[in-house]
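J.: Which chain is which? The protein sequence lines are A and B, in order. Taking the working numbering, I'd label the letters of the first sequence as residues 4 to 275. Taking the working numbering, I'd label the letters of the second sequence as residues 4 to 275.
Everything labelled a hint here was simulated from the structure, so no lab data went into it. All values derive from a computational prediction rather than experimental measurement. Honestly, I wouldn't trust all of these hints.
[Claimed, not checked] Sample of chain B residues lacking proximity to chain A, with all beta carbon distances greater than 10 angstroms (derived):
| hint | residue |
| --- | --- |
| 1 | E128 |
| 2 | A133 |
| 3 | E261 |
[Stated by the list, open to error] In silico BS3-like cross-links for lysine-lysine, where the CA-CA straight-line distance does not exceed 30 angstroms:
| hint | chain 1 | residue 1 | chain 2 | residue 2 |
| --- | --- | --- | --- | --- |
| 4 | A | K68 | B | K90 |
| 5 | B | K179 | A | K177 |
| 6 | A | K28 | B | K179 |
[Unchecked claim] Covered stretches of chain A (in silico footprint by chain B; criterion: 3 or more residues with CB under 8 angstroms from a CB of chain B, positions within the stretch not fixed):
| hint | stretch |
| --- | --- |
| 7 | 12–25 |
| 8 | 103–110 |
| 9 | 135–146 |
| 10 | 180–187 |
The C-beta atom is built at its ideal place from N, Cα and C for all residues, glycine as well.
2 protein chains.
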Amino acid sequence: MFNNNPIGMLDTGVGGLTVLKEALKQLPNETFYYLGDTERCPYGPRPVKQIKEFTWDMVNYLVDKGVKMIVIACNTATAVALEDIRKELTIPVVGVIYPGARAAIKSTKNNRVGVIGTIGTINSEQYELAINTKSLKTDVFGLACPKFVPVVESMEYHSPIAKKVVHNTLKPLKEKNVDTLVLGCTHYPLLREFIQSEMGEDVILIDSGAETVSDVSMLLDYYNISAEPTNETRTHQFYMTGSKRMFEEILNDWLTVEKYGIHRVSITKGNE
Amino acid sequence: MFNNNPIGMLDTGVGGLTVLKEALKQLPNETFYYLGDTERCPYGPRPVKQIKEFTWDMVNYLVDKGVKMIVIACNTATAVALEDIRKELTIPVVGVIYPGARAAIKSTKNNRVGVIGTIGTINSEQYELAINTKSLKTDVFGLACPKFVPVVESMEYHSPIAKKVVHNTLKPLKEKNVDTLVLGCTHYPLLREFIQSEMGEDVILIDSGAETVSDVSMLLDYYNISAEPTNETRTHQFYMTGSKRMFEEILNDWLTVEKYGIHRVSITKGNE
Numbered sequence: 004m005f006n007n008n009p010i011g012m013l014d015t016g017v018g019g020l021t022v023l024k025e026a027l028k029q030l031p032n033e034t035f036y037y038l039g040d041t042e043r044c045p046y047g048p049r050p051v052k053q054i055k056e057f058t059w060d061m062v063n064y065l066v067d068k069g070v071k072m073i074v075i076a077c078n079t080a081t082a083v084a085l086e087d088i089r090k091e092l093t094i095p096v097v098g099v100i101y102p103g104a105r106a107a108i109k110s111t112k113n114n115r116v117g118v119i120g121t122i123g124t125i126n127s128e129q130y131e132l133a134i135n136t137k138s139l140k141t142d143v144f145g146l147a148c149p150k151f152v153p154v155v156e157s158m159e160y161h162s163p164i165a166k167k168v169v170h171n172t173l174k175p176l177k178e179k180n181v182d183t184l185v186l187g188c189t190h191y192p193l194l195r196e197f198i199q200s201e202m203g204e205d206v207i208l209i210d211s212g213a214e215t216v217s218d219v220s221m222l223l224d225y226y227n228i229s230a231e232p233t234n235e236t237r238t239h240q241f242y243m244t245g246s247k248r249m250f251e252e253i254l255n256d257w258l259t260v261e262k263y264g265i266h267r268v269s270i271t272k273g274n275e
Numbered sequence: 004m005f006n007n008n009p010i011g012m013l014d015t016g017v018g019g020l021t022v023l024k025e026a027l028k029q030l031p032n033e034t035f036y037y038l039g040d041t042e043r044c045p046y047g048p049r050p051v052k053q054i055k056e057f058t059w060d061m062v063n064y065l066v067d068k069g070v071k072m073i074v075i076a077c078n079t080a081t082a083v084a085l086e087d088i089r090k091e092l093t094i095p096v097v098g099v100i101y102p103g104a105r106a107a108i109k110s111t112k113n114n115r116v117g118v119i120g121t122i123g124t125i126n127s128e129q130y131e132l133a134i135n136t137k138s139l140k141t142d143v144f145g146l147a148c149p150k151f152v153p154v155v156e157s158m159e160y161h162s163p164i165a166k167k168v169v170h171n172t173l174k175p176l177k178e179k180n181v182d183t184l185v186l187g188c189t190h191y192p193l194l195r196e197f198i199q200s201e202m203g204e205d206v207i208l209i210d211s212g213a214e215t216v217s218d219v220s221m222l223l224d225y226y227n228i229s230a231e232p233t234n235e236t237r238t239h240q241f242y243m244t245g246s247k248r249m250f251e252e253i254l255n256d257w258l259t260v261e262k263y264g265i266h267r268v269s270i271t272k273g274n275e
């Protein structure tokens, strides 16, 4: 009844680490294989067809490693490819949009919800769809923030530059009077403080990645594939297509992982 | 991509109404068919074989009505029959134990969790199993409260009798120093005030039924079977095997349902 295979988690870069952080807290028995396509990040501004193709590269890489579940810890990839991937694979596949949408409906009192994300995510209108499927009376205001991911991936997320970018980008959203704002990109929690101070303390920020971990936990139960309980620390693996050093710096700045391996890999077919 | 079929919810009696209340709030677009086996309630003290048989009677009745999902809004039936039912049916089946267990792990800080439930639920040790599968370091203290369900089903849950029963029953749990208590029976939220005051204001009460609604909402997304968004009020149906009058009294005392039908039915084969 137990399944000790790892859970595969993928993102275009380091953003999915915000999901992993929550996963390590809620699911201490599980082993995670994290894949970041840092070499080709960001996906946000790319054409839909290419985002699908790149996402499949990541999914196939993790499936070959024997993962028992796939967590698409990236809003852009979820918006564009989740349905396809879910249809093709026999293992459970979890995305980050529906959990964030559900949390937003639960949170809002004035039925005005903001969503910030990449161009790909915002143009897909998947959050509007997910929210309005559950609640027609909720108005959704989407805003693309194309500068946020590069700021995070270049390790600038604590800097005054980040603060200025956040300030300039969020301006059009401030007059919408939203009481809830979905961080519709897993990179954005790294900019949380700046976003919160820009939007005001009363606005509730929904971390779509953290919400996703509840779905992962639920599906482990639903399919009866939790890992065997242990007092030992699991060894997690990190795979990335770009620089190992940069990735490891953000990893150690953002979360504590006791035992791990880190590997630079190629994920396009025939290249490993 | 929408599915307007009703969601079937079952309980031995009126307890599942605490789950329905939360479901109506979070899922305003959905139609619910609620079945309470009030005639044969309580199930808690019955032998396992009989609980299984009775639960199947309820499930089959709802499946024949064309429901798209089954919510076993009863801890006793979940503990004894969930796995079997999930294996047999092709529609999703949700129980109340795992959601409650997950919420308890999230809530506890001192890793001491109490669980109260019927004799059947406590003897099954399903909460211990569900909690320890996720977190070995959490100690679980179970206590059977066989008098609670009869007090609720007889409409005594606001009375001094209820207060006294709660006081006397919970005594052995008070010395365990738990910081979180799972209401491991969907009838117990109706006794919530007495339970809270008996355990002390610092103890966090987990309503396993309310937590279950998050799973229902998640599975509607996961299987893409949400009902079509509407501004109209849905008409819900209530079926019970015992007195209609008693059921309706508790229904109207506990929640507001604008449009509904109410029917006394027989759920054993060939008797309808």
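J.: Would you mind marking each hint as holding or not holding in the structure?
T.: So, going through the hints one by one against the coordinates:
{"no.": "1", "hint": "E128", "result": "holds (15 angstroms)"}
{"no.": "2", "hint": "A133", "result": "violated (7 angstroms)"}
{"no.": "3", "hint": "E261", "result": "holds (16 angstroms)"}
{"no.": "4", "hint": "K68(A) to K90(B)", "result": "holds (28 angstroms)"}
{"no.": "5", "hint": "K179(B) to K177(A)", "result": "violated (49 angstroms)"}
{"no.": "6", "hint": "K28(A) to K179(B)", "result": "holds (25 angstroms)"}
{"no.": "7", "hint": "12–25", "result": "violated (count 0)"}
{"no.": "8", "hint": "103–110", "result": "holds (count 3)"}
{"no.": "9", "hint": "135–146", "result": "holds (count 6)"}
{"no.": "10", "hint": "180–187", "result": "violated (count 0)"}
Violated hints, in rising order: 2, 5, 7 and 10; the structure is consistent with all others.
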